[in-house]
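**Q** Chains as they are written, first to last, in numbering that gives the first Met the number 0: chain V, 0 to 353; chain X, 0 to 486.
Since the hints were made in silico from the structure, they are not lab data. Values in this document were obtained by computation on a predicted structure and should not be read as measured data. Just so it is clear, CB atoms sit at the ideal spot from N, CA and C, and this is done for glycine as well. Treat the hints with care, since some could be wrong.
Stated by the list, open to error - Not the full set, but computed from the structure, chain V residues with beta-carbon under 8 Å of chain X: (1) N100; (2) E165; (3) I246; (4) F259; (5) R287; (6) I289.
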Amino acid sequence: MQEPSIRTYTKSKLFISYGAVLLLLCFAVALGISVGSIPIPLFRVIQIVGAKLFHHPVPSSIDTSMVNIVMAIRFPRVVLAMLVGCALGLSGTAFQGLLKNPLADPYTLGVSSGSALGAVIVLFFGIHLPLLGNFTLPVVSIITGFLTLIGVIYFARLVQRNLSVETIILAGVLCSSFLGAITSLLIALTGDELRQIIGWLLGSVSMRGWEYVQLIAPFLAAGLMILLASARELNALSFGQQDARSIGVDVKKHTSLVLFGASLLTGSAVAVSGTIGFVGLVIPHMARMIWGVDHRHLLPLSMMLGGVFMVLVDLLARTIIAPTELPIGVLTAIIGSPIFAVIFIRYRRKKVTT
Amino acid sequence: MINVQQLSGGYDGKKIVDDLSFSVEKGEITGIIGPNGSGKTTLMKMINGALPFQSGEVLIKDKPISSYSAKELARIIAVLPQHAESSFDFTVREVVALGRYPFYKGLLKHSTARDEEMVENSMKFTGVEEFADKSIQLLSGGERQRVLLAKALAQEPEILLLDEPTNHLDLAYQMKLMDLLKDWVEGCQLTVVAILHDLNIASLYCDQVLLLDEGKIQAIGKPGDIMESRRLQSVYKTNLSRQEHPQKPKPLIALVPRQQEEQKDLSDIVLEATPETMIFRSPFSLRTMSSAVIGGGYQWADTFVNRHVDKNYNVDDARKEFEDYLHSNSVNPNDTVGMMTAARLQDAGMVSVEEKGIKLLVASTVGTSNAVDAGRSWEREDQPMPIGTINIWIFMEGRLTDEAFVQAMMTATEAKAGALRDYDIKDPVTGTPATGTSTDSICIAATQNGEEMRYAGTITPAGKAIGKAVCQTIGTAIENYRKRMQT
């Protein structure tokens, strides 16, 4: 069965695609700021954010407490959610393309767990590496995530040379459980307040502020650049390394680049928001269904789509059982796991028929 | 173009190909053949730089392959893989565009107008432009193969490497693909190296064939020179037999299935005779060589029809008429050798011989009204050809070589001429002794089991038996005819 899709990349269609996603992103952000325990009308949101962005004085008719809620609490939270979504969407697309694996994402590959372990070590032991300052947290997360990824791939290769879809996911699950257990052990040993830590592990973007936005933003930018520079190679690599090699792709270089770029994104996302699963799995599939497989456009488009998704999920997480907030990772898992199942079934069926 | 010198290599330190040396010239198709596990794919991988080798050297355009970067190499060599699968549905155009990868420049790798043009051209050339925007996963195996070929073409390579390109393709696509390659090789001076499973494709399309066995070169050269039955049999450990292609000066390799030696006894052949036809029916097939209207040339047949027709029989398409006639008599023309004669069938001479290990059944029908001295037949005016009149049927037990068939025919023909001389039959135009009549026919049918007979000339027991039997039957037929005319 053919999926509904717009496949031909004529210039005008591309323009429409990017325009539509950007518009959707703006709308989601505005909606995310507007909804909450104190509802703020959309129009006011636009007024306040617009004024602040362009350094105009906020109209005097607006209450300063409202301005504070928007600028100090809601806006940074929504932006953080957006950036985390962007990072996860991007890294998921990169992993899936590189490993030719429709089930890959930072969470199923175990990278998130690796990053989380790193983050827990930094957060709960209060480590500050010299020179890095606040960036100790994302940098350590990225490094532990990257090492986990290398470990998973190396292990999967030991099991089965050609890195089949199922093997690599199994290796990821194995690593995930192991690292998760280590993380729990560390937490138990420190004897800190468990509820807070578990809440963090399940993923959340609440009460982080602009500080955390600054932590993730540079890594997102760097990751995007690195991946975009390997977009054509990702296209080639999704036909297999040998095939990519035969058309002149420097396989080693670009595989390392993509793995590194995706680890940057995953690690920094985990550092600021904990482990949020399945975003990197679902988003690339949606994006491919809508826009096709060419990574030159798939990467930026799924990044923005990830942003939209995350902002909306965060909105849902804090409103669905208000005043209590649901950890965002719980919600993404509830949405994501069934989709994972569907993708898996369809993948296996397709493989059997071809 | 490609120069392989003392190349050895394999996986995990194991040696799969061992000390290979050969070269491939520009503008030629080289086929690599050999049984499974003989190292074909390993060799191919080493030629395209995908697998490092243990020792030796591969020179591409006189430079070591290691001196090229991946991109430089991709501008010279394109590879058509056995199958390329992606988990995602790329469109055909996107796949073909991948072939332009080695030509993109700069960090952003922008495509130029020339890139677009090459993509369109190569899609057109392989006939896939009609599904340019379709997902590659929706295509059939043959269509997919053509898309991959288009991708390789878009690379504008000087060398194309193919790994079993005709796998998964039906017969028509196989031929189309190979014809396409051949055109391309001739038109653009492309050099092709292909792993081929099908020995006949290799024979028909390759300028050079390399036969690999257990990692070593068994033979390399023109298909006609190296594809010998005995060599192939020992490499493939299978019963193969080499024939010649009917229309091309190339060998054809036929597979011979294992079979039980069938009991084939000439005495099981039965004759059904009516004034209109004499039909020999055999429970087994015989290999035949004949000049008959139906089933002429080399054939296998189990039914042999000698049909009487009126001496004024004149049909434009005699073969078609005869086939229809056989059908209406419930005889399958495909398993039949069929001749016509105006002579009376009841005059036929027939003899069965069994001596000195030779078993023979010979039947002849004779009419001498058009007797001709072959050496002087040129003196005759061209005239409408009256229907054939001496038909000789020879059935024999034994495994005859092609040479033996020809000699059997010579022997029989000479014996026929001898018989006519014995009965003093003259060419009415020249007045000289006749050697036959104007439209004679002959069929030699052999059981092809038992003892091999390499020759059947008059020096051999078989030849002697044939000569004697033919002479006898023709004599009997003439006597019968004369007797009937007297009464």
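**Q** Indicate, hint by hint, whether the structure satisfies it.
**A** Comparing the hints with the structure gives:
no.: 1; hint: N100; in the structure: holds (7 Å)
no.: 2; hint: E165; in the structure: violated (12 Å)
no.: 3; hint: I246; in the structure: holds (5 Å)
no.: 4; hint: F259; in the structure: violated (17 Å)
no.: 5; hint: R287; in the structure: holds (6 Å)
no.: 6; hint: I289; in the structure: violated (13 Å)
The structure fails to meet hints 2, 4 and 6 from the earlier list, while all remaining hints are met.
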